[in-house]
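These protein sequence lines map, in sequence, to chains A and B.
Residues in the first sequence are numbered from 1 upward in steps of one, following the working numbering.
Residues in the second sequence are numbered from 1 upward in steps of one, following the working numbering.
Honestly, I wouldn't trust all of these hints.
Treat identical chains as interchangeable: a pair holds within one or across any two.
[Unchecked claim] Taking lysine-lysine pairs in the DSSO-like style, the calculated list, with each CA pair at most 27 Å apart, reads:
id : residue 1 : residue 2
1  : K276      : K108
2  : K220      : K419
3  : K328      : K63
4  : K25       : K271
5  : K130      : K243
6  : K369      : K404
7  : K25       : K4
8  : K452      : K373
9  : K328      : K276
By construction, these hints were calculated from the structure, which means they are not laboratory data.
Fair warning: this is a prediction, and the values are worked out from it, not measured in the lab.
Protein chains: 2
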Amino acid sequence: MNYKQLTPEIIAQLEKVVGADRVVKGEGVNPDYSRDEMPIYGQNLPEVSIDVLTTEEVSEIMKICYANDIPVTTRGAGTGLVGGAVPIYGGVVVCTARMNKILSWDEKQFAVYTQPGVLLQDLKAAAIEKGLMYPPDPGQKLGTIGGNVSTNAGGMRAIKYGTTKDYVRSMTVVMPNGEIMKLGANVAKTSSGYNLCQLITGAEGTLGIITELCMKLIKKPALEISVLAPFKELPTALETVPKIFQASFRPTALEFFERPVLLLSEKFVGKDVWVKEVDGVDVQAYLLLIFDGDSMDEIEPHLERITDFLLEEGAMDVMIADTPNKIKDIWDVRGAFLDAIFESHELFDENDVVVPIYKIAEFVDFFSKDAEKYDFELMYLGHAGDGNLHIFGVSNTMEEEEFKKQIHPWMVAMYDKAKEMGGELTGEHGVGFGKVEYFEEYVGDSIIELHKQIKKVFDPKLLLNPGKVAFRSEWSKLPS
Amino acid sequence: MNYKQLTPEIIAQLEKVVGADRVVKGEGVNPDYSRDEMPIYGQNLPEVSIDVLTTEEVSEIMKICYANDIPVTTRGAGTGLVGGAVPIYGGVVVCTARMNKILSWDEKQFAVYTQPGVLLQDLKAAAIEKGLMYPPDPGQKLGTIGGNVSTNAGGMRAIKYGTTKDYVRSMTVVMPNGEIMKLGANVAKTSSGYNLCQLITGAEGTLGIITELCMKLIKKPALEISVLAPFKELPTALETVPKIFQASFRPTALEFFERPVLLLSEKFVGKDVWVKEVDGVDVQAYLLLIFDGDSMDEIEPHLERITDFLLEEGAMDVMIADTPNKIKDIWDVRGAFLDAIFESHELFDENDVVVPIYKIAEFVDFFSKDAEKYDFELMYLGHAGDGNLHIFGVSNTMEEEEFKKQIHPWMVAMYDKAKEMGGELTGEHGVGFGKVEYFEEYVGDSIIELHKQIKKVFDPKLLLNPGKVAFRSEWSKLPS
């Protein structure tokens, strides 16, 4: 790559577009803009950062960068977990966090037009106020909707409601040469050519910069009930998962947890709400389910049936959380799992592979046993209902180099196993920079080559978010 | 395009792959292979047709055609409506209709592995036997699942269940150079690079040849009820549509029809089942709804509520069809609409634009008034719930050239209006050959150029289904 560095002349051009105060240079750049939430993948400050406010600004910035071969990395809130927003090659960071306005509602068609920097939690809350719901529910509510679209974020309600990609109706995208494109339409069906909207979705900012989105919503279900089932052993809990669907239950979410992660998380949030023992026996694992519906009359029969069902399948007990406070207590603990893991460990690395739901137990057994070879500790939890796990290697005692050296073969073994099981490399976090080599290995040369060629169609100078998804960078030297 | 013609040597190579009996040449080629169900877009026989049986055969055929610059058009059952399967440039037609085996069921994960030539009606019936359901429900049940995926077929249940693209989990695709690629995985989530599965879906056979599919299924709802509401006037019926969703009803399907189409269709199937008058007043329009659920207890409250609701909104009556026979009678008539229109007219052309559901009434008014300028007659019906209309110009009296000449400006006016309303050019039929120029005009040069470049990534020699989607052919000369 023959990227150029920013010159005073180029900076002056950028200042002409957005004003001198928003073109932040060198040491002045917010250090957060050098990284996402996985610092182990490396950090790098851009030469310049710009908090953009409009599509037109982004277009003008891209025209300048395109003319001058300046790499550009787009970031939202920087809550990614794969180094996707790290400006590996310096250049310009375009931050969309201040493009945080909800533009308009199309209540008749259950859709919202929004800028990309709106936080997931704000979009969800604003929808609720309108009697609507934005169903995708990634654990990280402080990410932006633009980031969610760019990674096809999944979350906890995917089993009933799908993932982010299922809610993208149309988008405005600034191309690397500055051209503004409108893709898709706010209607429910299309067979109008190649699905470019779905190509940009999940492309991690490598094909264009999303500056506006139209997202589908649904009518807000009138109520939601959570069901918590403690188990004596994780395998029993996991074996129950596919049976729940076979028995025609339609949960909105179906999560599994192990005791150690729960204890860590409760300590982190300072609450003691989840049951830890039943009749003197320690709880080792949990299933947590949500059911939603338009009335208690609609949900109640399911609740009675699921209670009996879970007890028959070996649950030690079944707790129904049907008041806002009870639900909030349980989910506050769930919501804090990742932060709890991050906060309590100096070193961590993770993956988010997906395996068929009836193979989760086998997969957990595989990577747990494999981890015994190494010095790091293991933490994991998962979206049991869709087979998407979050598996962490963590340590407070190892040296970073040694940690990385040990983590690598463990990751490789897990990816190999996931592939053998017919799964996916990443369910919702993306490839970013941290998984480029694993992705290469997982999908093989031909698919990588297709990625590279598609990238060049959109971005012939490879300026947007370089060193990500299918492109190695100089940093991409994993321990061998 | 510098396509070559087949030589005896090339034919001999093809015969080596599949045997001499399956390489059908010249006059021997089934005349059906020259066309789809819209003969007005033209017909052309290929030089050779091959009914393929395996992925490996398709791969070997493509290697030969790639080496020799022979264009290849893939077809399934040929039920398309946009000339998508017409081998404009001759060459080879690869027909997947005999690849009609369901390969295996993954009942634990609600998925089916299938060859592309399985008919939609057979896939649906086989799923039902397993207690499962393949939800997409295009009216044409004799199309293949490969064709459904290639056009992202929509159908009647899109409002509740989405379109074909929402059910594609993974696929095996033969690339133009003969390489066999596996895309996607049979799991519910992925953020693993660009969504190539979604790019092939709806690409109308221009990027690769689908030879195997894994499609998502759902648990079959225990029962399904149809609700038929006659109206005195179409506008009243159409104005009711968005209100149904606002009032929190979740119908599985929501269709609208006008009296003339209904009469034509009943005549065609030889049945008299839909109500034609209420209290001495002629019915002019209908809304037809489906509700499904797991028990009568679950559906009944909705039925009572929708009955009251529709009567309040101006329905002349509300009929509930809750027995298999009643449901079959109603839907047999609905299912025959297109065939009835085809059978009773010598000339027909159509579009399937999508507009926002609350603009359907305005759109119908627009194109109906516009049609008064012309000599052809008008027939239309629509998926009211998702804004996807099927609008036919038909004639038994006009000359074909004059018909085409008059249809063209009417189509242009409709597409312009749909675009102005924020709709899509085609909701479920695709662009094919019949709509290339309209598509160019609708999306503009930049998006067409993106299509062309993406096409070249997959198919550098432009061999697959040439003259379709974003590529004009010599035939693409619409009357001016």
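When no copy is named, should K220 and K419 be tagged within, between, both, or neither for a Cα gap of at most 27 Å?
neither (37 Å within a copy, 30 Å between copies)
Indicate which option fits the pair K328, K63 if close means a Cα-Cα distance not exceeding 27 Å: within, between, both or neither.
So K328 and K63 fail the 27 Å test inside a copy (47 Å) and across (60 Å) alike.
With identical chains, the pair K328 and K276 could be close in the same copy or across copies; at 27 Å between alpha carbons, which is it: within, between, both, or neither?
within (18 Å within a copy, 55 Å between copies)
Is it within, between, both, or neither for K25 and K271, if the alpha carbons may be no more than 27 Å apart?
neither (43 Å within a copy, 77 Å between copies)
How do K130 and K243 come out at 27 Å by Cα distance, when the copy is not named: within, between, both, or neither?
For K130 and K243, the Cα distance is within 27 Å only across copies (16 Å; inside one copy 36 Å).
As a check of your reading, is K276 near K108 (CA-CA no more than 27 Å) within one copy, between copies, both or neither?
neither (46 Å within a copy, 31 Å between copies)
When no copy is named, should K452 and K373 be tagged within, between, both, or neither for a Cα gap of at most 27 Å?
For K452 and K373, the Cα distance exceeds 27 Å both inside one copy (37 Å) and across copies (51 Å).
Within, between, both or neither: K25, K4 at alpha-carbon 27 Å:
within (16 Å within a copy, 58 Å between copies)
Treating 27 Å as the Cα threshold, decide for K369 and K404: within, between, both or neither.
For K369 and K404, the Cα distance is within 27 Å only inside one copy (19 Å; across copies 70 Å).
Violated hints, listed in ascending order, are 1, 2, 3, 4 and 8; each of the other numbered hints is respected by the structure.
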